[in-house]
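Engineer: Each chain, letter by letter, is given below.
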Amino acid sequence: MLRAISNRLVILIPYVWLLFFFLLPFLIVLRIALSDLEYGAPPYTPQFSYTDSWAVIWDKLSQFDFENFTFLFSDSLYINSYLSSLQIAFVSMILTLLIGFPLAYGMARAPLGLRPTLLMLVILPFWTSFLIRVYAWIGILKQEGLLNQLLLWLGVIDTPLEILSTNKAVYIGIVYSYLPFMVLPIYSTLEKMDESLVEAARDLGCTQIAAFWKITARLAVPGILAGCLLVFIPAVGEFVIPDLLGGSGTLMIGKTLWIEFFNNSDWTVASAIATVLLVVLVVPIVWFQNAQARATETGK
Amino acid sequence: MPSLGSIRRSFTPWEDAGAKPYISFKNVTKRFGDFTAVDNLSLDVYEREFFSLLGPSGCGKTTLLRMLAGFEEPTEGELYLDGQPLKGVPPHKRPVNMMFQSYALFPHMNVADNIAFGLRQDGMEKSAREERVAQMLKLVKLEEFARRKPHQLSGGQRQRVALARSVAKRPKLLILDEPLGALDKKLREETQFELMDLQQQLGLTFMIVTHDQEEAMTMSDRIAVMDKGIIAQTGTPAEIYEAPNSRYVADFIGSVNILEGKVVSSGDGHVEIDGPDGKFVGAVRSHAPADGATAWFAIRPEKMRVSREKPDGVDNAIKGEVWDIGYLGDMTIVNIRLESGKVVQAAMINQSRIVDDPIGYDEHIWLSFSADAGVVLDR
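Sequences listed follow chains Z and R, in order. Here the first sequence is numbered in our numbering, starting from 181 and rising by one per residue. Here the second sequence is numbered in our numbering, starting from 428 and rising by one per residue.
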């Protein structure tokens with residue numbers, strides 16, 4: 181009996197966590213998004229107070245509306261920000277996959293003694309602050325930065341490349357920052373894979389390349405999906421990378437939200453942007469999770 | 428029409444000097460860095476033969492198979508299949524299929540798709556493919572499991588799927604790496620006979636790797652006993668068991684008592700050796716060790732007789748004391764301590780249910796055996 185109760189309590193912990201650190205903050209954001217802008221502190225209305233009577237509360241609740249949401253769709257800036265974010269995140273995800281898969285594959289096929297070292301090297305960047313690492317890219321990518329100097333010295337180019345403050349720099353930043361999140365899940369699926377499966381496929385008539393696609397790549401699908409999810413979702417809402425490495429032309433929803441919140445002090449529109457972002461991201465999350473569940477089921 | 432049994436019995440192509448070997452290893456050496464896995468090895472295997480490579484782990488038997496399948500290339504030497512050199516031929520172009528020790532079933536495909544995998548690669552037409560898959564499923568008695576995934580099958584069922592998949596393409600040669608290693612004893616014994624029937628039915632050449640000597644003895648036409656990259660002896664199960672060419676082979680196959688001594692006299696296919704355990708006369712296998720050389724008399728436990736009185740007219744008799752008795756039901760194993768202190772093993776078949784006065788612990792007894800019951804080995 182006591183055991184059953186304690187078991188339930190253990191299961192309850194993540195729910196309590198989600199309630200306090202996800203659902204409640206989201207409800208607060210939603211409440212602000214439904215409010216109206218007002219100059220003051222805090223800059224939105226209506227405000228509730230403990231002394232309000234039921235009638236007053238009811239009156240205030242009726243002031244909630246979707247004005248801010250309709251506003252988002254009236255100005256192309258916001259829709260473009262969303263679309264541009266999705267596009268940048270998607271392209272970054274593909275690039276990360278293209279670089280991450282061979283890395284993970286090489287690691288999983290490396291001699292057993294070397295693997296922990298390689299794994300450490302992948303995780304090593306996490307020991308330095310994310311912000312500092314993104315800052316470091318400014319020094320590499322800028323007009324007179326390390327990369328341009330190197331290329332000029334090698335004679336590959338005559339005039340410095342313009343990378344910083346363009347979308348290219350944003351792609352480089354995202355791919356660099358999120359690469360471990362792609363490599364690690366793929367590595368873990370590849371490492372578990374029985375190598376004799378590939379040999380069996382070759383024995384049964386597959387060329388090495390065909391065996392790779394039919395067996396190795398196919399069985400890595402759960403890892404690939406997990407990696408893509410881990411890169412795509414945070415990349416959509418990314419703010420630091422486009423802010424530091426991108427230019428004025430870089431349109432990303434995280435940046436737009438920041439500007440609304442801090443520069444324009446428009447908490448209500450910023451909250452509406454955040455709410456829509458969440459809804460937009462729920463779709464790929466659910467899709468990814470279903471796909472993953474299917475892949476894991478068949479991959480057993 | 429002769430029965431299957433009589434075909435089997437008369438199947439001895441290795442004795443026919445004119446027979447063309449189907450698989451030929453010619454002075455094959457394989458090194459991995461400093462380690463020599465296979466050392467200048469030559470071996471011929473004939474068509475339709477059930478051939479076993481037997482040896483402890485690390486003796487190079489699996490490397491030999493992997494070279495045949497094309498996963499490893501020999502460092503030196505040549506490999507021929509049906510007269511054709513195999514050098515540089517990739518695995519997918521060899522008319523050889525392999526059954527893996529881990530079965531290597533594709534986890535994302537069901538049983539039918541696993542079996543059809545090789546046929547698909549060959550571009551076999553759908554109807555023909557389905558027919559072949561059905562045939563294979565029937566062969567391994569898994570018709571009802573066609574839609575199951577490998578993880579939904581038992582170990583024995585998986586083993587049969589792996590087998591069906593590896594013979595689905597009708598290879599001329601099937602190589603099997605420890606095919607029964609993961610099964611429990613009872614299932615393994617049943618499957619041994621199934622494998623033999625299958626090989627006869629399909630008319631394939633089987634090359635099998637195993638470390639289980641009983642398995643090799645039961646199934647094979649011939650066995651090669653391997654030791655550290657070389658073949659210690661090749662022969663039929665009976666040859667290997669009754670006439671081992673070295674202490675290594677004698678010891679690897681079955682139980683054996685080995686009595687050491689110096690050769691004191693020889694002649695007429697027999698030698699006499701004298702050592703700490705006594706004087707023994709034994710048959711020589713091929714060439715007799717020189718007088719005065721160290722030799723070993725190897726004798727199987729079931730070929731020794733235990734008696735209370737010294738028997739008359741036997742070639743060899745030694746005194747000993749009963750040290751341990753192990754009753755196995757069909758036979759009784761008796762460990763006997765010789766006067767030299769060495770413990771030897773004798774096996775007595777229990778022909779009667781009740782013995783009036785069985786030999787007991789600490790009894791002083793005589794061990795006797797004929798000169799031809801064991802062999803004298805020079806290494």
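Do not take every clue at face value.
What the hints assert, rightly or not - Computed from the model, here is a short list of chain Z residues facing chain R with C-beta under 10 Å:
id, residue
1, P223
2, T225
3, I320
4, E324
5, L326
6, L341
7, S368
8, E371
9, D374
10, V378
11, T387
12, A390
13, A391
14, F392
Unchecked claim - Straight-line Cα separation of at most 30 Å, DSBU-like style, residue types lysine-lysine; simulated pairs:
id, chain 1, residue 1, chain 2, residue 2
15, R, K612, Z, K372
16, R, K599, R, K568
17, Z, K394, R, K568
18, R, K514, R, K565
19, R, K447, R, K520
20, Z, K394, R, K565
21, R, K514, R, K576
22, R, K553, R, K565
23, Z, K394, R, K706
24, R, K447, Z, K372
25, R, K746, R, K612
26, R, K514, R, K553
27, R, K520, Z, K394
28, R, K730, R, K689
29, Z, K372, R, K737
30, Z, K240, Z, K348
31, R, K730, R, K746
32, Z, K372, Z, K348
33, R, K769, Z, K394
34, R, K576, R, K553
35, R, K613, R, K565
36, Z, K394, R, K730
37, Z, K394, R, K746
38, R, K706, R, K655
39, R, K453, R, K514
40, R, K655, R, K612
In short, the hints are calculated from the structure, not lab data. Note that beta-carbon positions come from the ideal geometry of N, C-alpha and C, so glycine has one too.
Engineer: Hint by hint, note whether the structure agrees.
Structural biologist: Results of checking the hints against the structure:
1. P223: violated, 55 Å
2. T225: Not OK, violated: T225/Z not within 10 Å of chain R, min 57 Å.
3. I320: violated, 41 Å
4. E324: At 49 Å from the nearest chain R Cβ, E324/Z fails the 10 Å test, so the hint is violated.
5. L326: violated, 40 Å
6. L341: violated, 44 Å
7. S368: Cβ of S368/Z sits 16 Å from chain R, so the hint is violated.
8. E371: violated, 15 Å
9. D374: holds, 6 Å
10. V378: holds, 9 Å
11. T387: holds, 6 Å
12. A390: Constraint on A390/Z satisfied, holds at 7 Å.
13. A391: holds, 8 Å
14. F392: violated, 13 Å
15. K612/R / K372/Z: holds, 29 Å
16. K599/R / K568/R: holds, 22 Å
17. K394/Z / K568/R: holds, 27 Å
18. K514/R / K565/R: The hint is violated at about 36 Å.
19. K447/R / K520/R: Holds, because 22 Å separates the two Cα atoms, which is no more than 30 Å.
20. K394/Z / K565/R: holds, 27 Å
21. K514/R / K576/R: violated, 37 Å
22. K553/R / K565/R: With a Cα-Cα distance of about 18 Å, the restraint between K553/R and K565/R holds, given a limit of 30 Å.
23. K394/Z / K706/R: At roughly 67 Å apart (the allowed maximum being 30 Å), K706/R and K394/Z break the hint.
24. K447/R / K372/Z: Judged against 30 Å, a Cα distance of about 44 Å means the pair is violated.
25. K746/R / K612/R: violated, 38 Å
26. K514/R / K553/R: violated, 33 Å
27. K520/R / K394/Z: Answer holds: K520/R to K394/Z is near 18 Å, not above 30 Å.
28. K730/R / K689/R: holds, 22 Å
29. K372/Z / K737/R: violated, 65 Å
30. K240/Z / K348/Z: violated, 48 Å
31. K730/R / K746/R: holds, 16 Å
32. K372/Z / K348/Z: violated, 35 Å
33. K769/R / K394/Z: Status violated; Cα separation ~60 Å.
34. K576/R / K553/R: Holds, at about 21 Å.
35. K613/R / K565/R: Distance of about 22 Å is within 30 Å: holds.
36. K394/Z / K730/R: Status violated; Cα separation ~57 Å.
37. K394/Z / K746/R: Violated: K394/Z and K746/R sit about 68 Å apart, past 30 Å.
38. K706/R / K655/R: Distance ~33 Å between K706/R and K655/R Cα, so the pair is violated.
39. K453/R / K514/R: Holds. K453/R to K514/R sits at ~12 Å (cutoff 30 Å).
40. K655/R / K612/R: Measuring from Cα to Cα gives roughly 27 Å; hence the hint holds.
This entry does not satisfy hints 1, 2, 3, 4, 5, 6, 7, 8, 14, 18, 21, 23, 24, 25, 26, 29, 30, 32, 33, 36, 37, 38, going by the numbered hints stated previously.
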